[in-house]
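Trainee: Here the structure of chain A is known, so what remains is to put chain B in place on it, guided by the hints.
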Amino acid sequence: MDWERILTNVAGEVFAPTTAAYALAAIGLNIHFGLTGLLNFGQAGFMLLGAYGFAISTIAGYPVWAAVLVALACSAIFALILGIPTLKLRGDYLAIVTIAAAEIVRIIGRSTALTDVTGASSGLRGDSYKETFTALSPFGDGSTTLGPFTYSNSSSNSWWIRVVGWVLVAIACVLVWRLLNSPWGRVLKGIREDEDAVRSLGKNVYSYKMQALVLGGAIGSLAGIVYVLPRAVQPDSMGRPMTFWVWTILLLGGAATVFGPVLGSMVFWAALMLIKTVGREVIPTTVMSSAQIEQFGQIVVGVTLMLLVIFRPQGMLGDKKELAINVR
Amino acid sequence: MSAETTALAGVEHRPGAPKPDPILVADGVVRRFGGMTAVDVDHLEVQRGAITALIGPNGAGKTTLFNLLTGFDQPQEGRWSFEGRSLGGVSAARVSRSGMVRTFQLTKALSRMTVMENMRLGARDQPGENILAALVPPVWRSRERAITGKAEHLLERFKLLDKKDDFAGSLSGGQRKLLEMARALMSDPTMVMLDEPMAGVNPALTQSLLGHIQSLRDEGTTVLFVEHDMHMVRHISDWVAVMAEGRLVAEGPPTTVMADPAVVDAYLGAHHDTDLGDDSLLDDEYTHQLEAEERAEDERKDHR
Chain A
1 MDWERILTNV
11 AGEVFAPTTA
21 AYALAAIGLN
31 IHFGLTGLLN
41 FGQAGFMLLG
51 AYGFAISTIA
61 GYPVWAAVLV
71 ALACSAIFAL
81 ILGIPTLKLR
91 GDYLAIVTIA
101 AAEIVRIIGR
111 STALTDVTGA
121 SSGLRGDSYK
131 ETFTALSPFG
141 DGSTTLGPFT
151 YSNSSSNSWW
161 IRVVGWVLVA
171 IACVLVWRLL
181 NSPWGRVLKG
191 IREDEDAVRS
201 LGKNVYSYKM
211 QALVLGGAIG
221 SLAGIVYVLP
231 RAVQPDSMGR
241 PMTFWVWTIL
251 LLGGAATVFG
261 PVLGSMVFWA
271 ALMLIKTVGR
281 EVIPTTVMSS
291 AQIEQFGQIV
301 VGVTLMLLVI
311 FRPQGMLGDK
321 KELAINVR
Chain B
329 MSAETTALAG
339 VEHRPGAPKP
349 DPILVADGVV
359 RRFGGMTAVD
369 VDHLEVQRGA
379 ITALIGPNGA
389 GKTTLFNLLT
399 GFDQPQEGRW
409 SFEGRSLGGV
419 SAARVSRSGM
429 VRTFQLTKAL
439 SRMTVMENMR
449 LGARDQPGEN
459 ILAALVPPVW
469 RSRERAITGK
479 AEHLLERFKL
489 LDKKDDFAGS
499 LSGGQRKLLE
509 MARALMSDPT
519 MVMLDEPMAG
529 VNPALTQSLL
539 GHIQSLRDEG
549 TTVLFVEHDM
559 HMVRHISDWV
569 AVMAEGRLVA
579 EGPPTTVMAD
589 PAVVDAYLGA
599 HHDTDLGDDS
609 LLDDEYTHQL
619 EAEERAEDER
629 KDHR
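From first to last, the protein sequence lines stand for chains A and B.
Residues in the first sequence are numbered from 1 upward in steps of one, following this note's numbering.
Residues in the second sequence are numbered from 329 upward in steps of one, following this note's numbering.
If we strip away everything but chain A, and leave its shape as in the complex, we get:
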């Protein structure tokens, strides 16, 4: 078995653009669920809207900054539309509405009526919207090898997207840390514990929940941009499974913590890669084909998540004491 190659692959996953994208999405979800207690099961919808917003406006000729603003605006409008009817209701309604709304975004995106805009089910090719972002890279052409890792400098799955992705993750972490330890974050945590109590103390609960939904969704849309920059916009690859992977990452790392989503994303993708590559080496193709090994990896992740929720519900970084208190 070629352990060196396996470990290189696994280590490469730790800082891959996809890992950064999922970390960002989980940070956004952490604002919804960890801080405010909102059950958002449509984070992939926010990501897909961000991806569409960025890609379509870039194709229309917008510069990068404007395309990012379009993506943010799309997610903000989506959050408002979701929140206005549901945030006055109990939490489970939001869960149902968000999962349906994310599916609506995906199904509209892949409908043939919009082929000219979204490319329907085949999506938008990466080349059609990557150029403006690649052009911003200070690293120039060619590729660079750092230790065992060789990636192109600027185009596609590059060092440039890695740098941008992780800088965004760092900024989002600082933002969450600042807000988590501010009076604003305190109101959100109060809402997570008991809305009526916070209402009785004179806070406009509805407005705070809306702010949290918009902010977390905006971070989700940035995650969508980072996710599609090294690949293409494929509506079907950004459906329900994506939402549940983001949830897995958040619970794995620890909800309501600053670094939980980041650590969760790194461990999740590294572990998935480890299982897949080791599986390919160890399991003979007569027993499992490589496509089956891919799925086997996800089964193992699923089982791990179940064990985690049962035996370590606070995740890797969560406060055991905080979670041990049975709410209601």
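Please note that the accuracy of each hint is not assured.
Derived coverage of chain B by chain A (criterion: at least 3 residues anywhere in the stretch with Cβ under 8 Å from a Cβ of chain A; other residues may be distant) [claimed, not checked]: (1) 365-378; (2) 419-427; (3) 447-454; (4) 462-469.
With a cut-off of at most 30 Å between alpha-carbon atoms, the simulated DSBU-like pairs for lysine-lysine come out as follows [said to hold, decoys possible]: (5) A:Lys189 with B:Lys492; (6) B:Lys491 with B:Lys478; (7) A:Lys88 with B:Lys487; (8) A:Lys88 with A:Lys189; (9) A:Lys88 with B:Lys491; (10) A:Lys189 with B:Lys491; (11) B:Lys492 with B:Lys478.
The set of hints was computed from the structure by calculation and includes no laboratory data.
Using N, Cα and C, we set each Cβ at its ideal position, and we do this for glycine too.
Mentor: Only chain B this time, still in chain A's reference frame:
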């Protein structure tokens, strides 16, 4: 006898009696759940600066009335005002900001937050509760210090200071009641509405809770509380309002209101002193008389 009791001395002992200085006035407040009328209060005034107890048997509509007055529920009919301002259709948060802060029958301590965080949440005018200001700590730090100082002072008074860094969920039931009351006081309310402050509190704590409520009154805060514990009602309230089947059936000072026939009826039923073993009950004439009384009583209710 306290000053408040003296102020209430001239008030008539009847439901809906006008008070010399009412802070809260409710008129014709009706709340129906389907076909059931939970609350139907013609007129209620609450005297400023006094401790008013709201009592009544289970299901009398006390908590529902509380929810209506504090904006947690909206009635089908009626209007009510607090300090002269109408509160009809006003949200719970705005009712609270106008100075009327409530607590809950089932304590709502924010379990997975520390005692201190619970207290800080009760404060007003914290600019850092705005999302943009929250990003710039210098904007809210000085206010935060003031809030923390006040919270420590209140926690000390409620004997919770050594628990300030514990999670609220780890406190005992009685301590949570204390915390909820202390948290409500963080905003210096003009009126506090306590829903069963004594439920589940051990007798040792009861005494200190009573003391806290009385000192609140002495500092000028108006207190309206729902309670089942008659001992407590007699001990600290200046005025008692009695509800039964959604209506206000009696009002009066605690010493005499319990003797009011309407109150005795509400709690024990109209024939509570009839001996069911009495042979005269078997007499047809007496049975007719009882039935007639029953009909008259029903008619009287229908007319109201």
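Trainee: Take a quick look at whether A:Lys189 and B:Lys492 sit within 30 Å of each other, Cα to Cα.
Mentor: Since the Cα atoms of A:Lys189 and B:Lys492 sit roughly 17 Å apart, the hinted pair holds (cutoff 30 Å).
Trainee: Does B:Lys491 pair with B:Lys478 here, judged by a C-alpha cut-off of 30 Å?
Mentor: holds (16 Å)
Trainee: Does the region 365-378 of chain B contain three or more residues whose Cβ lies closer than 8 Å to a Cβ of chain A?
Mentor: violated (count 0)
Trainee: Verify this for me: three or more residues of the region 462-469 of chain B with a beta carbon less than 8 Å from a beta carbon of chain A.
Mentor: holds (count 4)
Trainee: Taking 30 Å as the top limit, are the C-alpha atoms of A:Lys88 and A:Lys189 close enough?
Mentor: holds (17 Å)
Trainee: Given as covered by chain A, does the region 419-427 of chain B meet the bar of three residues or more with CB within less than 8 Å?
Mentor: holds (count 6)
Trainee: Taking 30 Å as the top limit, are the C-alpha atoms of A:Lys88 and B:Lys487 close enough?
Mentor: violated (37 Å)
Trainee: For the pair we were handed, A:Lys88 and B:Lys491, check the Cα-Cα distance against 30 Å.
Mentor: violated (34 Å)
Trainee: Measure nothing beyond the straight line between the CA atoms of B:Lys492 and B:Lys478; if it is 30 Å or shorter, mark the hint as holding.
Mentor: holds (13 Å)
Trainee: Does A:Lys189 pair with B:Lys491 here, judged by a C-alpha cut-off of 30 Å?
Mentor: Holds, because 19 Å separates the two Cα atoms, which is no more than 30 Å.
Trainee: In terms of beta carbon proximity below 8 Å, does the region 447-454 of chain B have 3 or more residues touching chain A?
Mentor: Answer holds; 5 residues pass the 8 Å Cβ test.
In this structure, the hints that do not hold are numbers 1, 7, 9, in rising order.
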